[in-house]
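Visitor: Sequence:
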Amino acid sequence: MKKGFVFLFLFTSFLVYSLFVYTKGTEANGTIMSADAVRGKMLFQKHNCTACHQIYGLGGYLGPDLTNIISSSENSESVATALLKSGSQRMPDFHLNDDQINEIIEYLKYID
1 MKKGFVFLFL FTSFLVYSLF VYTKGTEANG TIMSADAVRG KMLFQKHNCT
51 ACHQIYGLGG YLGPDLTNII SSSENSESVA TALLKSGSQR MPDFHLNDDQ
101 INEIIEYLKY ID
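Read in order, the letters of the sequence shown are residues 1 to 112 in this note's numbering.
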């Protein structure tokens, strides 16, 4: 009897929590991705950046986690811009133009 009550309580709690998450818990809270950030996200996906970099803990381990890279230090935006322009020993140069680099930076600002 006691095990049945615990199961019923946990199952009901799970259903209530799931209902909350799927209705109210996933709202954007007024934060809308700009057009530049959307294009940056598409570039991020096109060049398969998640093969090496993580966002929110998902992705590869070769490069750094990019979730909070823009706010991590004072000059991180300029460092990210320089790496996107020329690459590094571990990161290839994708030959991005200035507009594409700015779009990726806007995407990284959005996810930060």
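Source of the hints: derived by calculation from the structure; they are not laboratory data. A virtual CB, placed ideally from N, CA and C, is assigned to each residue, including glycine. Mixed in with the good hints there might be a few duds.
Claimed, not checked - What follows is a list of derived Cβ distance ranges for each label pair: (1) 45 - 72: 18 to 24 Å; (2) 85 - 45: 17 to 23 Å; (3) 86 - 45: 42 to 48 Å; (4) 65 - 4: 41 to 47 Å; (5) 7 - 60: 52 to 58 Å.
Visitor: Hint by hint, say whether it matches the structure.
Guide: Checked hints:
1. 45 - 72: 18 to 24 Å: Holds, at about 23 Å.
2. 85 - 45: 17 to 23 Å: With a Cβ separation near 20 Å, residue 85 and residue 45 satisfy 17 to 23 Å, so the hint holds.
3. 86 - 45: 42 to 48 Å: violated (22 Å)
4. 65 - 4: 41 to 47 Å: Holds: the Cβ-Cβ distance is about 44 Å, inside 41 to 47 Å.
5. 7 - 60: 52 to 58 Å: Check failed, 39 Å falls outside 52 to 58 Å.
Going down the numbered hints, you'll see the structure goes against 3 and 5, while the others check out.
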